[in-house]
Amino acid sequence: MKIKFKLYFNFTYLLINVKSNYMKCMALQAVEHS
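Per the working numbering: the sequence shown = residues 1 to 34.
In case anyone wonders, no lab produced these hints; they're calculated from the structure.
These figures come from a predicted structure and were not determined experimentally.
Don't take each hint at face value.
Restricting the straight-line Cα-Cα distance to at most 27 angstroms, the calculated cross-link-like pairs of lysine-lysine (DSS-like) are [unchecked claim]: (1) K19 - K2; (2) K4 - K24; (3) K19 - K4.
I would like the entire structure built from these sequences, with the hints used as guidance.
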């Protein structure tokens, strides 16, 4: 049970990280194009 929770937490953390990095990338590209 505890291992499953830790795995789920790590996965969620990873997903949030990827999402924020993706947003940063998009913002940078938008700035470059304008």
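Hint check results:
1. K19 - K2: 26 angstroms, holds
2. K4 - K24: This hinted pair is violated, its Cα atoms lying about 30 angstroms apart.
3. K19 - K4: 23 angstroms, holds
In this structure, only the earlier hint numbered 2 is contradicted, and the remaining ones agree with it.
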